[in-house]
Structure formats: C-alpha cells, structure tokens
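Protein chains in written order, with the numbering used here: chain A, 1 to 397; chain B, 398 to 568.
Since the hints were made in silico from the structure, they are not lab data.
Please note that the accuracy of each hint is not assured.
Claimed, not checked - Subject to a maximum C-alpha distance of 30 Å in a straight line, what follows is the list of computed DSS-like cross-link-like pairs (lysine-lysine):
1) 319(A) / 185(A)
2) 310(A) / 462(B)
3) 468(B) / 568(B)
4) 80(A) / 16(A)
5) 462(B) / 559(B)
6) 542(B) / 436(B)
7) 462(B) / 156(A)
8) 310(A) / 165(A)
9) 534(B) / 156(A)
10) 222(A) / 76(A)
11) 278(A) / 462(B)
12) 462(B) / 546(B)
13) 80(A) / 230(A)
14) 185(A) / 16(A)
15) 462(B) / 80(A)
Claimed, not checked - Estimated spans, in silico, between C-beta atoms of each pair:
16) 432(B) / 190(A): 48 to 54 Å
17) 446(B) / 61(A): 54 to 60 Å
18) 37(A) / 423(B): 34 to 40 Å
19) 43(A) / 445(B): 53 to 59 Å
20) 435(B) / 25(A): 50 to 56 Å
21) 447(B) / 275(A): 50 to 56 Å
22) 316(A) / 478(B): 35 to 41 Å
23) 364(A) / 416(B): 41 to 47 Å
24) 59(A) / 445(B): 44 to 50 Å
25) 464(B) / 195(A): 57 to 63 Å
Quantities reported herein were computed from a predicted structural model and do not represent experimental measurements.
Positions of the beta carbon are idealized from the N, C-alpha and C atoms, including for glycine.
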Amino acid sequence: MAERVAVIGVGQTPGKRSRKDVSEIELVNEAVRAALEDAELTIKDIDVVIEGNMEFFEGTLYTDQWLVEGLGSCGKSGLKVNSAGDTGATIFSTGVSHAASGLFKTVLIVGFEKQDEGAYGGVGMRSEDSFFDIAGGSGRAIGSMWGTAISVLNRKSATEELIAKVRVKEAECGLRNPYSHLKLKITENDVLNSNIVIWPLRFLHICPTSVSSCAVIVAPEKEAKRLTRKPVWVKDYYCIHSGLQPRCGEPWLNVGAAYPTGPQFRWGVEQAAIALYKRNGITHPRKQIDYIESYSPSTWHEVDYYEALKLCEPGEAWKLIEEEATWPHGDIPFDLSGGVVSTNAIGATGLHRVAEAVIQIRGEGGERQVPRDVNLVFTFAQGADQFCTAAFLSKNL
Amino acid sequence: MNTSTNQGDLISVPCRLTLTWREPAGLFVNRMFLAMRDKEELWAVKCHSCNRILFPPEIVCGMCKIRIEDKEENWIKLGNEGTLVQFYQVTGSREIDPSTGWHPKGQTFNPIGLIRPDGGNEWTILAHILEETDTAKLSLGIRIKAVWKPREERQGLMSDIKFWRIVEGQK
Numbered sequence: 001m002a003e004r005v006a007v008i009g010v011g012q013t014p015g016k017r018s019r020k021d022v023s024e025i026e027l028v029n030e031a032v033r034a035a036l037e038d039a040e041l042t043i044k045d046i047d048v049v050i051e052g053n054m055e056f057f058e059g060t061l062y063t064d065q066w067l068v069e070g071l072g073s074c075g076k077s078g079l080k081v082n083s084a085g086d087t088g089a090t091i092f093s094t095g096v097s098h099a100a101s102g103l104f105k106t107v108l109i110v111g112f113e114k115q116d117e118g119a120y121g122g123v124g125m126r127s128e129d130s131f132f133d134i135a136g137g138s139g140r141a142i143g144s145m146w147g148t149a150i151s152v153l154n155r156k157s158a159t160e161e162l163i164a165k166v167r168v169k170e171a172e173c174g175l176r177n178p179y180s181h182l183k184l185k186i187t188e189n190d191v192l193n194s195n196i197v198i199w200p201l202r203f204l205h206i207c208p209t210s211v212s213s214c215a216v217i218v219a220p221e222k223e224a225k226r227l228t229r230k231p232v233w234v235k236d237y238y239c240i241h242s243g244l245q246p247r248c249g250e251p252w253l254n255v256g257a258a259y260p261t262g263p264q265f266r267w268g269v270e271q272a273a274i275a276l277y278k279r280n281g282i283t284h285p286r287k288q289i290d291y292i293e294s295y296s297p298s299t300w301h302e303v304d305y306y307e308a309l310k311l312c313e314p315g316e317a318w319k320l321i322e323e324e325a326t327w328p329h330g331d332i333p334f335d336l337s338g339g340v341v342s343t344n345a346i347g348a349t350g351l352h353r354v355a356e357a358v359i360q361i362r363g364e365g366g367e368r369q370v371p372r373d374v375n376l377v378f379t380f381a382q383g384a385d386q387f388c389t390a391a392f393l394s395k396n397l
Numbered sequence: 398m399n400t401s402t403n404q405g406d407l408i409s410v411p412c413r414l415t416l417t418w419r420e421p422a423g424l425f426v427n428r429m430f431l432a433m434r435d436k437e438e439l440w441a442v443k444c445h446s447c448n449r450i451l452f453p454p455e456i457v458c459g460m461c462k463i464r465i466e467d468k469e470e471n472w473i474k475l476g477n478e479g480t481l482v483q484f485y486q487v488t489g490s491r492e493i494d495p496s497t498g499w500h501p502k503g504q505t506f507n508p509i510g511l512i513r514p515d516g517g518n519e520w521t522i523l524a525h526i527l528e529e530t531d532t533a534k535l536s537l538g539i540r541i542k543a544v545w546k547p548r549e550e551r552q553g554l555m556s557d558i559k560f561w562r563i564v565e566g567q568k
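Here chain A stands alone, though its shape is the one from the complex (with noise of 0.2 Å):
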C-alpha cells in the first residue's frame, strides 16, 4: 500500500431481528455516530464516505441517495458498493484503498441490512438464472450451506455430533457479545434434534435474518497517529473473484458439491488466505495468527474454514474441534464475537468482522475478549456473488 493505513474508529448497532422504530437513515445514523465518537471526530473531520448494502434487500435502490443524511455523506467524495455477502469487506477494502492513496486524511465506511423490511424473498429469486432455475427456491444461501455441509461430512472434516458442539461454541460466544442478535441457550442435542431443512443442514446450523449497521473509520498512517492513541493498523488485504461454477441452474449454488473447486466460497477463502499468508511471512498460521473473526454463514462453513485457513491438514478439522482449538480458552479462537450465525446483518455482516478485530486487539471485547494478548488478526468475508475479501489487522505497524 501507498500509505499504511490504520483503523481509527468503530461503531455499531445491537442485531435485532426488527428495528420498526427507526428508518434505514436513523439507523445508519446510529453506527455513524457510534464510530464518531469512538474517534473522537465529528462528521466535519471526515473526507469520504464508503456505504454499502444488499442493495434492494429493502427494496431500496440508491441507497446512497436515500440514506445521504444518515451517513453524513453530503458533500463529500465517496462511493456505494454492493457484493452480496461480502459487501461489508468490500467496503472496508475499498475505504482501505481510499486512505491509502495518500488523497484523503479520513475515510467513513458504513454497512447496513434492514431485513425487517422484507422485501428479500423477490431479490433472491432475481438472482439465480432465468435459463436454468430448476428448483425455484432451494438453492440460494440454503442451497450454497447445503453444499458446504455435505462436503465436510463426506471429506469425514467432521461428524453432525462436532458440529453441534462447534455450534453450542458459537451460541455461547453470541450470548457474551452485547451486539449479537441472537441468545441462544441451546444445548448439542437441541442443534441435533433441530429441524433438517436439507440434510445435514439443520435449522440452528443457519445465520439468523438480522438487522444493524456497523461503521468503520480509517486513516493514513501520519493521520492517524495524529489523531488516535489506539490505532489498528490495517497490515494487509487481499480481494478475489472466484466465479469459476457453471450457471448449472438455480441450485448454482449447490453444484460446488461436486465440483473439483470445493464448495461455494471455499476456494475463494482458501486462495486470499494463500495470498496473505504469503505476503506477510505466514507459515504457522495456527501459531502466528491470534484471534479469526469469520464470515461463516452456517456452523459448517466456520468448520469447513478450519481447514481452507490451512488451521489444520486436509480432513482434521475434528481434530481442532475436540481440542477446543477454536473456542475461547483454545490456542486460535474463531468467532468469539457470537460469529454470523449469531447475527447477519448482510451488507454490515463483513464489516462487523472487521469491527470486532479491532475490538479484539484494543482488549476492548468485555466478555468476549480472548483471554490473552491479541496482535495479529485474520478477518474475512464472503458472498453469493463470490467476491471474497480478508485482511490482517495488527496492533502494531
């Protein structure tokens, strides 16, 4: 990068399943404020606003037109992003790239999702393939979590007994983070005894429809130390399209199932994570890497990450799990945030991830915190359009 960039500010909003009392602006307001405040900065200070969201998911267009007061926007240099799932790392990456380039002192970036307008269900068929839609509706995130499922069990990475346990990990984690949308307290039997909706996915594998926005604030190096005593800096990201399935008709998303790529989103994982790992003198991820915050859309997606992270060998995921390798007291905790099966606020979801790294390497995590230093994070995300983004954050440069 041109310029090292640091993140100076985090804000964000409880996931709620519903926020009737307050509008998509209102509620972008709150995160924006929120991340003001923990910089110290008023909206004045800010050069450019980044903004995205599951555009449409509202049945909103322009969203960056609409939400202009909300964000602060008016005025100012900036851009509106939306990639599906991973919308929310996109805009922290393209927030990053705006910082780095040396032409802005102060970037805001703000990811949002209002699912409790509702309007989801016509988008999600919109965006599977006229020509080759053969299942009207299974395929979608169901369809993609299915496919990932199905991939682990058979690879033997895990049984449905350690899923379940990875699961009642995630719950509890959600039930010591003050913004996570869903409390559990749930049991391994209860997620074993959940409802399948299609084998071996069951109902309490599956994120929870959420709303919230997060917001982010970051600056170039001189910037930020003038500005913050505790910067996070932002040591490296790394940005991949990885569309290699076939439009095979509407389960596209399940065809990775059986597809020499692996399942949806998992080659993208596995190639940013190579990358980074590469660049930044990462060979032991396991020891070297101290706290994973994931875009796990299902309980066998983070376990399946396990192993596309390179934690552990092909096929020994199950090994990480009865060691309790990823839980708090573990030696690489994953998720401690409660995770996106906790909450998933889509076009916030990627940016949460980013949040609580900084969360997690100021010691800010209360309840959550990983119960030793944190230094170097690992945070990434992934979505239906299969762009996938993950970076480093550092506590040091």
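Starting from the structure of chain A, add chain B where the hints point.
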C-alpha cells in the same frame, strides 16, 4: 395509493413491486436449447487450453480467460444418460419468504441431482430434477437417464427434460 398501517404508534407503509422482463439466451446457450428442443440432445463446449467441458456452454473459459470459438470441434455432444454425483432433497422447513410468508411445509419435493452426463468430464455438472422421491433408492454413482417431454411441449428450456430416471437393471 398506499395505505399506511398503524401498529401501536409506529407507522409503516406496505409496498409492492411487480416486474416483468425478457432475457435473451445468447449465442451458445441458444444453440444448446435448440438442440434440446428439436433433437433431445445436450451439447457442451470444450476449452482446448484446460480441457474443461462446460455445460452450459459459455463463450469464454472463466479459468483460462480465452474465447471458445463457435467451431464444430469445440462442441461436445453429451449423452442422454449420466452418473449421479450428488443429490439433495429439501425435506422440511424450506426458507420462508419474508415478503410473502410462503412456507410449503409438508410438501414432498423431488430431489435435485447433480448429474455428470456421459461425455462430460469432472468439470461438467448439470443440476436437474430426479424422478425418484425416495432418497433411500438413490446413491452416488448410479446411472440415470433424461426423460424428455413430448416434442410439442418442448420450448427450448431446461424443463424440456421432465426429470432424470434411474436406469433399470444396474447393480
């Protein structure tokens, strides 16, 4: 004119959008669909750089990023029979559509098969409906064949194949 609803003191407005559009199939997929409609044939294309056989046929190989020319040697005729490489069945609480509340609980859905038609390679996967609804009778690797609709019902669409039927007499 929309009517606002007042739930307690929180006001919201119901909105509804109905959209119609037409999408052209494009050069390669058009040719593929015409062969399905008129001849009960499935055609793919081959990238001669990486040897991937692509169904549906695309004009560019996404991996090699090279144009696949519309020449006869690039078109591969796939069989009407194939191998079942993966399948799934939506069994219960399928996704609820929050805009309609649609939730077809209790319905039996035909399984969806990921099918490798004969003549394809590991990169050739076709997703389609399986006739057999009892998944106990399905297993990975079994042979299945396309059951086509009668000519007068075929429109040049994936649904010209009614479903895929288990080939009888296999071990």
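Hints, one by one, checked against the model:
Taken as a hint, the residue 319(A) and residue 185(A) pair is honoured in the structure, with Cα atoms around 25 Å apart against an allowance of 30 Å. At most 30 Å may separate the alpha-carbon atoms for a hinted pair to count; residue 310(A) and residue 462(B) meet this at roughly 29 Å. Simply put, residue 468(B) and residue 568(B) have alpha-carbon atoms about 39 Å apart, too far for the 30 Å limit, and the pair is violated. A distance of roughly 24 Å separates the Cα atoms of residue 80(A) and residue 16(A); the hinted pair therefore holds under the 30 Å criterion.
Distance check on the hinted pair: residue 462(B) and residue 559(B) sit about 34 Å apart at the alpha-carbon level, beyond 30 Å; violated. Distance check on the hinted pair: residue 542(B) and residue 436(B) sit about 16 Å apart at the alpha-carbon level, within 30 Å; holds. Of the supplied pair hints, the one linking residue 462(B) and residue 156(A) is violated, its CA atoms being roughly 34 Å apart against a limit of 30 Å. For the hint pairing residue 310(A) with residue 165(A), the CA-to-CA distance comes to about 21 Å; that is within 30 Å, so the pair holds.
Restraint check for residue 534(B) and residue 156(A): the C-alpha separation of about 23 Å stays at or below 30 Å, so the hint holds. A C-alpha spacing of about 21 Å is found between residue 222(A) and residue 76(A), which places the hinted pair at or below 30 Å, so the restraint holds. Between the alpha carbons of residue 278(A) and residue 462(B) the distance comes to roughly 25 Å, so the proposed pair stays at or under 30 Å and holds. A distance of roughly 36 Å separates the Cα atoms of residue 462(B) and residue 546(B); the hinted pair therefore is violated under the 30 Å criterion.
For the given pair, residue 80(A) sits about 28 Å from residue 230(A) by alpha-carbon distance, which is consistent with the 30 Å threshold. For the suggested pair residue 185(A) and residue 16(A), the alpha carbons sit about 17 Å apart, so the restraint of at most 30 Å is met. Among the hinted pairs, residue 462(B) with residue 80(A) is consistent with the structure: their alpha-carbon atoms are about 28 Å apart, no more than 30 Å. A hinted range of 48 to 54 Å holds for the C-beta pair residue 432(B) and residue 190(A), which are about 51 Å apart.
With their beta carbons about 40 Å apart, residue 446(B) and residue 61(A) fall outside the hinted range of 54 to 60 Å. Distance hint for residue 37(A) and residue 423(B): a CB-CB separation of about 51 Å, inconsistent with the stated range 34 to 40 Å. Under the hint 53 to 59 Å, the C-beta atoms of residue 43(A) and residue 445(B), about 57 Å apart, fit the expected range. A C-beta distance of roughly 55 Å is found between residue 435(B) and residue 25(A), which places it inside the suggested range of 50 to 56 Å.
For residue 447(B) paired with residue 275(A), a C-beta distance near 21 Å fails the hint of 50 to 56 Å. One distance hint, 35 to 41 Å for the beta-carbon pair residue 316(A) and residue 478(B), holds here, with the actual separation near 38 Å. The hint said 41 to 47 Å for the Cβ distance between residue 364(A) and residue 416(B), and at roughly 45 Å that hint holds. Restraint check, residue 59(A) to residue 445(B): a C-beta distance of roughly 46 Å satisfies the suggested window 44 to 50 Å.
Between residue 464(B) and residue 195(A), the C-beta spacing of about 47 Å breaks the proposed range 57 to 63 Å.
When each numbered hint is compared with the structure, violations occur for hints 3, 5, 7, 12, 17, 18, 21, 25.
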